[in-house]
Amino acid sequence: MGSLARAYGRPLASAIAGIAVIWVLVLILVPLGAMVEQSLWWRESKGDISLTIDRLYNDISLIELDREVETDPAKKTAFDQSLAEKQAAIATLEAQETNPPKSYGLANFTRMSGLHFYIFVRTIFYALLVTALALVVCYPVAYVVALASGPRKAIILMVALIVPYAINELLRVYAWLMILDYRGVINGVLQWMGFIDLDAREWIPFLENPSAVFLAMIYTYVLFMVFPMVNTLETLDRNQIEAARDLGASTFRIHRRVIIPHAKPGIAVGCIMTFMLSAGSYSVPAIMTRGQGGDWFSQLVYRQFYESNNWNMGSAYAVSLLVVCTAFILLMMRLFGVGLRDIAK
Amino acid sequence: MRGKDVRLDQVSIRFGDSTAVQPTNLAIQAGEFFSILGPSGCGKTTLLRTISGFIEPTAGRVLIGGEDMAGKGPNERPTALIFQNLALFPLMSVAENVAFGLEARGMRKAERLKRAQELLELVALGGYGDKKPADLSGGQRQRVAIARALAVEPAVLLLDEPLSALDLKLRQHMRSELRAIQKRVGITFIYITHDQGEALAMSDRVAVMSRGKLEQVADADTLYAEPATPFVATFVGEQNVLRGTVASLADTVATVDTPIGRIEGRVKGPIRLGEAALLMVRPERIVLGPGGTNTVTARLAARNLEGPSVHLHCAAAGQTLVVTVPNGPSVRDLPEELTLSFGIDDALVYPVGALAHG
Numbered sequence: 001m002g003s004l005a006r007a008y009g010r011p012l013a014s015a016i017a018g019i020a021v022i023w024v025l026v027l028i029l030v031p032l033g034a035m036v037e038q039s040l041w042w043r044e045s046k047g048d049i050s051l052t053i054d055r056l057y058n059d060i061s062l063i064e065l066d067r068e069v070e071t072d073p074a075k076k077t078a079f080d081q082s083l084a085e086k087q088a089a090i091a092t093l094e095a096q097e098t099n100p101p102k103s104y105g106l107a108n109f110t111r112m113s114g115l116h117f118y119i120f121v122r123t124i125f126y127a128l129l130v131t132a133l134a135l136v137v138c139y140p141v142a143y144v145v146a147l148a149s150g151p152r153k154a155i156i157l158m159v160a161l162i163v164p165y166a167i168n169e170l171l172r173v174y175a176w177l178m179i180l181d182y183r184g185v186i187n188g189v190l191q192w193m194g195f196i197d198l199d200a201r202e203w204i205p206f207l208e209n210p211s212a213v214f215l216a217m218i219y220t221y222v223l224f225m226v227f228p229m230v231n232t233l234e235t236l237d238r239n240q241i242e243a244a245r246d247l248g249a250s251t252f253r254i255h256r257r258v259i260i261p262h263a264k265p266g267i268a269v270g271c272i273m274t275f276m277l278s279a280g281s282y283s284v285p286a287i288m289t290r291g292q293g294g295d296w297f298s299q300l301v302y303r304q305f306y307e308s309n310n311w312n313m314g315s316a317y318a319v320s321l322l323v324v325c326t327a328f329i330l331l332m333m334r335l336f337g338v339g340l341r342d343i344a345k
Numbered sequence: 346m347r348g349k350d351v352r353l354d355q356v357s358i359r360f361g362d363s364t365a366v367q368p369t370n371l372a373i374q375a376g377e378f379f380s381i382l383g384p385s386g387c388g389k390t391t392l393l394r395t396i397s398g399f400i401e402p403t404a405g406r407v408l409i410g411g412e413d414m415a416g417k418g419p420n421e422r423p424t425a426l427i428f429q430n431l432a433l434f435p436l437m438s439v440a441e442n443v444a445f446g447l448e449a450r451g452m453r454k455a456e457r458l459k460r461a462q463e464l465l466e467l468v469a470l471g472g473y474g475d476k477k478p479a480d481l482s483g484g485q486r487q488r489v490a491i492a493r494a495l496a497v498e499p500a501v502l503l504l505d506e507p508l509s510a511l512d513l514k515l516r517q518h519m520r521s522e523l524r525a526i527q528k529r530v531g532i533t534f535i536y537i538t539h540d541q542g543e544a545l546a547m548s549d550r551v552a553v554m555s556r557g558k559l560e561q562v563a564d565a566d567t568l569y570a571e572p573a574t575p576f577v578a579t580f581v582g583e584q585n586v587l588r589g590t591v592a593s594l595a596d597t598v599a600t601v602d603t604p605i606g607r608i609e610g611r612v613k614g615p616i617r618l619g620e621a622a623l624l625m626v627r628p629e630r631i632v633l634g635p636g637g638t639n640t641v642t643a644r645l646a647a648r649n650l651e652g653p654s655v656h657l658h659c660a661a662a663g664q665t666l667v668v669t670v671p672n673g674p675s676v677r678d679l680p681e682e683l684t685l686s687f688g689i690d691d692a693l694v695y696p697v698g699a700l701a702h703g
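Protein sequences, first through last, are from chains A and B.
If you're matching positions, the first sequence starts at 1 in our numbering and goes up one per residue.
If you're matching positions, the second sequence starts at 346 in our numbering and goes up one per residue.
Where hints are given, some of them may not hold.
To be verified - No farther apart than 25 Å at their CA atoms in a straight line, the calculated lysine to any residue pairs in the SDA-like style are these: (1) A:K264 to B:L436; (2) B:K454 to A:K76; (3) B:K454 to A:L335; (4) B:K476 to B:V497; (5) A:K76 to A:I63; (6) B:K417 to A:S250; (7) B:K558 to B:Q367; (8) B:K477 to A:L335; (9) B:K454 to A:R257; (10) B:K459 to A:D237; (11) B:K454 to A:F252; (12) B:K514 to B:V497; (13) B:K477 to A:L236; (14) B:K417 to A:D237; (15) B:K454 to A:I63.
Stated by the list, open to error - Over the 10 Å line for every Cβ pair with chain A, so calculated as not near, a few chain B residues: (16) R453; (17) V598; (18) G634.
As the list claims (entries may be wrong) - So the derived list for chain B, only partly shown, Cβ under 7 Å to chain A, looks like this: (19) L408; (20) P419; (21) L426; (22) F434; (23) G446; (24) A449; (25) R450; (26) G451.
What the hints contain is simulated information worked out from the structure, not anything from laboratory work.
Don't be surprised by glycine CBs; every beta carbon is placed ideally from N, CA and C.
Just need the whole structure built from these sequences, with the hints factored in.
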């Protein structure tokens, strides 16, 4: 702050600092804090409260009947007293029913059902698989783009990466849906070639297999994997590749010992981005599976919010996903030996 | 390690329409320290990359140790290249760098690290194996690059201006170091440079190259004293260049009419009577006072002290002659008018057309 003030003057320095604080608050702390807070409490809405209230109302009606026919004033007073007690109890219970008390704790996290936990683990596994597949697909692409030069590079970049990404993500996912559907492009071609008969419902059910989601996801997130890798690969001194070749190294060894180590930060960033996006993707599994191919965890979070109307549980699910993803980032950084500084580059 | 000879047989290299190297014949002997000297863009790096196998010649053959290298990649040739920027692997330790070529040949780890250590000791970097290249100084990195190239036991070591990134003092030190290493390992060194000082100081022989063509191949002394073409004459060392016409011609001696008078000199090319000619005299071959065959009276215009020597800029008939004389008390107070002289052997006469570079 002191050096900022010296460099830009006091008003501009405070403006910069202010914007930074607002940025952190609005984009990170407030939404995250709200989500975490929401996940840490629940309302004690016991189902038997309504029953107890109903019973109390019944009791009151009975006592009122008894009181009507009672002639002994002493007993009548006792009935009155009992009635007042029951009505007070009803009042407190009804207050509880309309506005149940908040309880804080980790119950939202521990209450996850076995099935949901299974889906959670499977989603993480699928996201890892998508990341690994995307890496395998994207590394050669990034390598070619990064080492191409001049107008050729611009053409490859435009045709292979930029143009597809100018199209809306949903559109691209729906396009894959059309290709893979029961009466989609591939099955259509297979019918045309005489392998299957669609009218006899002999299609290949691509969409009922999780790999359909993988395919669409890899396609959707390729750019996030390719660009960081291209960025780091571009900074590689080509003489190093030639030097390695001159020293007798095979292409495989050049990649393993020279190029990949150099591209590590880019690979790490690409993996982190792809993993985060696929682990949290809602639209791709929702569109591609249409309920046929098994849910992804993001769909469960959605349902907790909008179908079960349990925002606390939904928040807990979302926070769990966030924690695991963050752990994944840290693990990747450790595994690749890259620090935040390398990634920022 | 054993050096091998390198022969270029009518090698020419074209990129599209432009010719990088004109048909060239060259024979470099085994164990020779051979330099290719030329200005940037003259095709010397292209030639080197052709020998190392990164470029296939458009025509002609490259032979190393008598074996035709056609179709062999850089990893299959008995050469090792040291890049201009060294191209050390920054993420590997110094020892891993040196051992990389051996690793590529499938040598076991312990064995190759031992060999790397030996090579590092050869270049006086024994204790630096665990460091990263970035932790070393420019000269040390230089020596790592040499050790890395020597590790694969090449018969021919190719060096692409490896000293150009170093500062002057270090460069001079590395010259003698390189020469010493070459003597020790005994393999063929082919050294590319645009710095005539490097080429003359280190090499057994030097090829001067210009516009894709070898102008002259000779040892340093011959190159300096008997340049075959005006390009070599002006590119290597300093020259006073005078234009004139050939007034008389006898055998090896020509008389040339120049603005500063009639000068006699040795004929170095096909010239004819009455034609334009270039006359070149080295600044240090001109002496103060009479004595030589050619005498010129000039006015002292400027005096530049260079330390051990002094450059005198003398004006005569609108021409400037630079004279280099040893520093001493006698050059402290020089008169305004100077008599300069030089012998017939000191003046070289070339045909004008041969001065290719403008």
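Okay, the hints, checked on the actual structure:
| no. | hint | result |
| --- | --- | --- |
| 1 | A:K264 to B:L436 | holds, 11 Å |
| 2 | B:K454 to A:K76 | violated, 102 Å |
| 3 | B:K454 to A:L335 | holds, 23 Å |
| 4 | B:K476 to B:V497 | holds, 21 Å |
| 5 | A:K76 to A:I63 | holds, 10 Å |
| 6 | B:K417 to A:S250 | holds, 14 Å |
| 7 | B:K558 to B:Q367 | holds, 6 Å |
| 8 | B:K477 to A:L335 | holds, 21 Å |
| 9 | B:K454 to A:R257 | holds, 15 Å |
| 10 | B:K459 to A:D237 | violated, 28 Å |
| 11 | B:K454 to A:F252 | holds, 18 Å |
| 12 | B:K514 to B:V497 | violated, 30 Å |
| 13 | B:K477 to A:L236 | holds, 17 Å |
| 14 | B:K417 to A:D237 | holds, 24 Å |
| 15 | B:K454 to A:I63 | violated, 95 Å |
| 16 | R453 | holds, 15 Å |
| 17 | V598 | holds, 51 Å |
| 18 | G634 | holds, 55 Å |
| 19 | L408 | violated, 19 Å |
| 20 | P419 | holds, 5 Å |
| 21 | L426 | holds, 5 Å |
| 22 | F434 | holds, 6 Å |
| 23 | G446 | holds, 4 Å |
| 24 | A449 | holds, 4 Å |
| 25 | R450 | holds, 6 Å |
| 26 | G451 | violated, 10 Å |
Comparing the model with each earlier hint shows violations of hints 2, 10, 12, 15, 19 and 26; every other hint is respected.
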